[in-house]
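Chemist: One letter stands for each residue in the lines below.
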Amino acid sequence: MARIEFRNLGHAYGANPASAKDYALQPMNMVWEDGGAYALLGPSGCGKSTLLNIISGLLVPSHGEVLFDGKDMTSMPTRGRNIAQVFQFPVLYDTMSVYDNLAFPLRNRKMPEAEVHKRVHEIAEILGMSDVLKQRASGMAADAKQKISLGRGLVRKDVSAILFDEPLTVIDPHLKWQLRRQLKQIHQQLKLTLIYVTHDQVEALTFADEVVVMTDGKIVQKGEPDALFERPEHTFVGYFIGSPGMNFFPLKLDADGASIGAHKVALDAATLGMLKSANHTNNVLSIGIRPEFVDLAQPGASGALEAQIDSVQHLGTCQLITGTVAGHAVKAKIDTSIPVSTGSHWLRLARPETIFFCNDERIAR
Amino acid sequence: MNKPYNNKAWFFILPVFICVAFSAIVPLMTVINYSVQDIISPTQSVFVGLEWFRAMMRDPELHGALLRQIVFSLCVLLVQLPLGVGLALSMPSKGWQSSAALVVLSMPLLIPWNVVGTIWQIFGRADIGLGGHALSTLGIAYNYASNPLDAWMTVLLMDVWHWTPLVALLGFAGLRSIPDAYYQAAQIDGASRWAIFRYIQLPKMRGVLMIAVLLRFMDSFMIYTEPFVLTGGGPGNSTTFLSQYLTQKAVGQFDLGPAAAFSLIYFLIILLLSFVLYNWMQRTGSKPAGSDHE
Amino acid sequence: MNKASRLPRAVMLFLYVAFTLIPLYWMLNTSLKTNEETLSVFTLWPRNLTWANYITIFTDPSWYNGYINSSIYVVLNTVLSLLVALPAAYGFSRYRFLGDKHMFFWLLTNRMTPPAVFLLPFFQLYSTVGLMDTHIAVALSHMLFNVPLAVWILEGFMSGISREIDETAYIDGFSFPKFFIKIFLPLIKAGVGVTAFFCFMFSWVELLLARTLTSVNAKPISAIMTRTVSATGMDWGLLAAAGVLTLVPGMLVIWFVRNHIAKGFAMGRV
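Protein chains in written order, with the working numbering: chain A, 2 to 366; chain B, 70 to 363; chain C, 661 to 930.
None of these hints come from the bench; they were simulated from the model.
By construction, the Cβ of each residue, glycine as well, lies at the ideal position given by its N, Cα and C atoms.
There's no promise every hint is true.
Simulated crosslink set (DMTMM-like; lysine to aspartate or glutamate; CA at most 20 Å straight-line) [said to hold, decoys possible]:
#, chain 1, residue 1, chain 2, residue 2
1, B, Lys273, A, Asp95
2, B, Lys72, C, Glu696
3, B, Lys273, A, Glu167
4, A, Lys72, A, Glu6
5, A, Lys177, A, Asp159
6, A, Lys135, A, Asp173
7, A, Lys72, A, Glu34
8, A, Lys185, A, Asp210
9, B, Lys72, C, Glu824
10, A, Lys158, A, Asp255
11, A, Lys185, A, Glu6
12, A, Lys223, A, Asp144
13, A, Lys219, A, Asp70
14, B, Lys77, C, Glu827
15, B, Lys77, C, Asp793
16, B, Lys72, C, Glu827
17, A, Lys22, A, Glu6
Chain A is faced by these chain B residues, among others (derived, beta-carbon under 8 Å) [what the hints assert, rightly or not]:
#, residue
18, Pro73
19, Pro84
20, Gly200
21, Gln253
22, Ala254
23, Gln256
24, Ile257
25, Ala260
26, Trp263
27, Phe266
28, Ile269
29, Asp288
According to the in silico footprint, chain B covers these stretches of chain A (three or more CB under 8 Å from chain B) [stated by the list, open to error]:
#, segment
30, 71-80
31, 95-102
32, 105-111
33, 168-176
Go ahead and model the full structure; you've got the sequences and the hints to work with.
Modeler: Encoded structure:
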């Protein structure tokens, strides 16, 4: 197992990167603790695959260092890193049996056959594949194949980390949760460092102890799932996590208080003070609140604004109402017991759960 | 993908069916017609039943040509397949080098077959050809016009020069379709170069290689122009293969009945062997059309 | 790929490229010499470089018409083959129907007959319909072996496109012809390029049928080249020059489709 550290690690595909845009991965520092289960979450093209390839050694970063247990591995080829990787689609040796697939990494490292036998059976037991060892790998279902891919990583005792690159992409939806659960069990059993890359927030939030959210080559937040939900450090985190994501409204401060567009928002003194100190020229302030926390209010109530509701959808557990506030879109999840119809309503936006952002970064209270 | 069953799809197939049937069925009927007749003159013919077929079985010239053809096709496959695969593995996958390699390698394929024969005809002569001259300078006795072995070697070499690029191009295509992830996984698993070839590349190339085998077998079994231009079938009949034998009979000797009978048998041999190959392709998972795709 | 394995592969590639190019160079060499030089002295490059052979070809109609004729029927054939094969490949790729597997194999069998078999029947056929010595006759006869190959290759590429795209197009209100031309064809562009290349190649190089079905008006260059024996013996220089020129169209085609070939091959099942 290994503690993986990034020191000023960044990557630009072209030479001489000048601005942030030239970087596929902006320079950063980070530590992945030994035995942790991490998720790397972000939309397509945000740089998470680049990051994964740097960890696995398939890509040498243009800036910075990667350390494994304190040793500089930045230019060490994949072979010497003792990592394993599971890809988006099952990568197997089609002509071999399940047993031979699992034994392959060990045989390449010249392990005696008796030990290979023992180890393969151990791992097959953990994966629940003991009874199919003799079968041809190519004939198995997609989820079994991914387990075999995983098994090839687990089978090596010296493996330092297992990297997953959107591994559930080809798995049937009803099998996804099963496989995820098995992964978690394996993590608890074997205490490996797992790094799981995905664009699916459900996968990330249910799998990982800590989630790293990325966008545009930058890591915007690293923390536990509930921290990401309740205290997003960046508007992107607010927008990306949650279904639907956070509502955002640009905020303007003037002499008598805060307003969204033409509407005034009543805020308490402490909040106003905090916002005033952040309100320098060229700074953009915004207010964010999750649909779960928006509720109906009496006209004119503190922290509430008038909204035009366009649609009300019944989602079984709640009602999703969609509309506009001061020209900006708004969504709210309202309890099913409260009757709501389209038309004009007042929605409370300023609540304890509301987050304020300056230039897309959270203003700490 | 699951394909729905719909007989209206025949409308899509109809143009092809008409074209090919028109070109194929009419001649086929003509051939079958001729094969059971003795055509004495354009207006006079006698029904002779299976006489020509029986005569063929007894014809030593035919046996000779058939044997030579089988040996030739076997040599062709044994040389061109490994060489083509080796080339495919050596070709660069990206950049201008890749385009350049493709262009150079494809050149022999684009030469009219009689020109191929001409090129080697010139090249192999000791007086005006680089190859022949070089060999005689080295003291090696070489004359493809008078020595049967030299003629065979030259014809084989010419075919290798001409057609190996087809195998290489198909193999190259097959290799390009292997996702990078397989090579990455092989690195992670610590696989050797040979293991990568044996367990990843070769299995994934199986589909295109089957196509290459089929095409090379069929085309080599029907070869006519290149050896005809190069050696004329000689010296003697040492390089007379099946197709030339047929043409001699049909055009040279104008013996249409036996020629037609032989054509049928010729076609049936190729059909049978190709059918066997084709079915084997289907069963071992390279899935040509007509079956479900993933 | 390991860096260690690059050297032997580069060597092998270099050797094979040399093997490919040397006979071609020799033909070029011979084409730039006079026959006297060719027959008298063995030289690795022309001592008296002459363009006379090429000039003959470009100025003598009986020669350059050969190239023009060949080009005409090859282009005709490629276009016709594609026109006919595209819908057929689509049918095979998208549907199952009565006799589909047999039909497909039957198409392939048309490539299994030596062209010699068709000489006489084709001769009679095209004489009867009055199409002897026309470009269209050669183009049509070549469709016999090009169309099956075209269907085979195109079907492979089409099957790589998922049916969802078809269905989405219908839902969006596209009529079938519009869908095929505006959406489907661009997706298999590379496949069409590869197919066109193969059709061009097999038609351009075919000699037997092209020679049999033509006499004067549509005689292909390959047939004309067989008439280079004169009273003074074989006209090697002229023959070589004609040979060199037959390479040009093919090289142009390959150059234009070079990007498609690598990418296209990779996309399809071929």
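Chemist: Is lysine 185 (chain A) close enough to glutamate 6 (chain A), meaning Cα to Cα at most 20 Å?
Modeler: 23 Å, violated
Chemist: How about isoleucine 257 (chain B): closest beta carbon in chain A under 8 Å, or not?
Modeler: Given a least distance of 6 Å, the restraint on isoleucine 257 (chain B) holds.
Chemist: For lysine 72 (chain B) and glutamate 696 (chain C), compute the direct alpha-carbon distance and say whether it is at most 20 Å.
Modeler: This hinted pair is violated, its Cα atoms lying about 67 Å apart.
Chemist: So, as I understand it, the hint says isoleucine 269 (chain B) touches chain A; can you test that by seeing if any CB pair is closer than 8 Å?
Modeler: 7 Å, holds
Chemist: For lysine 158 (chain A) and aspartate 255 (chain A), compute the direct alpha-carbon distance and say whether it is at most 20 Å.
Modeler: 63 Å, violated
Chemist: Have a go at the tryptophan 263 (chain B) hint: is there a Cβ in chain A nearer than 8 Å to its own Cβ?
Modeler: 11 Å, violated
Chemist: Decide if the proposed pair is consistent with the structure: lysine 77 (chain B) and glutamate 827 (chain C), CA atoms, cutoff 20 Å inclusive.
Modeler: This hinted pair holds, its Cα atoms lying about 17 Å apart.
Chemist: What's the verdict on lysine 72 (chain B) and glutamate 824 (chain C), does the C-alpha distance respect the 20 Å limit or exceed it?
Modeler: Between lysine 72 (chain B) and glutamate 824 (chain C) the Cα gap is close to 12 Å, so the pair holds against 20 Å.
Chemist: Under the criterion that the straight-line Cα-Cα distance not exceed 20 Å, is the pair lysine 72 (chain A), glutamate 34 (chain A) satisfied?
Modeler: 15 Å, holds
Chemist: Do the alpha carbons of lysine 22 (chain A) and glutamate 6 (chain A) lie within 20 Å of each other, as the hint requires?
Modeler: Roughly 24 Å separates the two Cα atoms, so the pair is violated.
Chemist: Do three or more residues from the segment 71-80 of chain A put their C-beta atoms closer than 8 Å to C-beta atoms of chain B?
Modeler: The restraint on the segment 71-80 of chain A holds, since 3 of its residues have a Cβ under 8 Å from chain B and three suffice.
Chemist: Can you confirm whether the C-alpha distance between lysine 72 (chain A) and glutamate 6 (chain A) stays at or below 20 Å?
Modeler: Satisfied, since the Cα-Cα distance of roughly 9 Å is no more than 20 Å.
In this structure, the earlier hints numbered 2, 3, 5, 6, 10, 11, 12, 13, 15, 17, 18, 19, 20, 26, 27, 29, 33 are contradicted, and the remaining ones agree with it.
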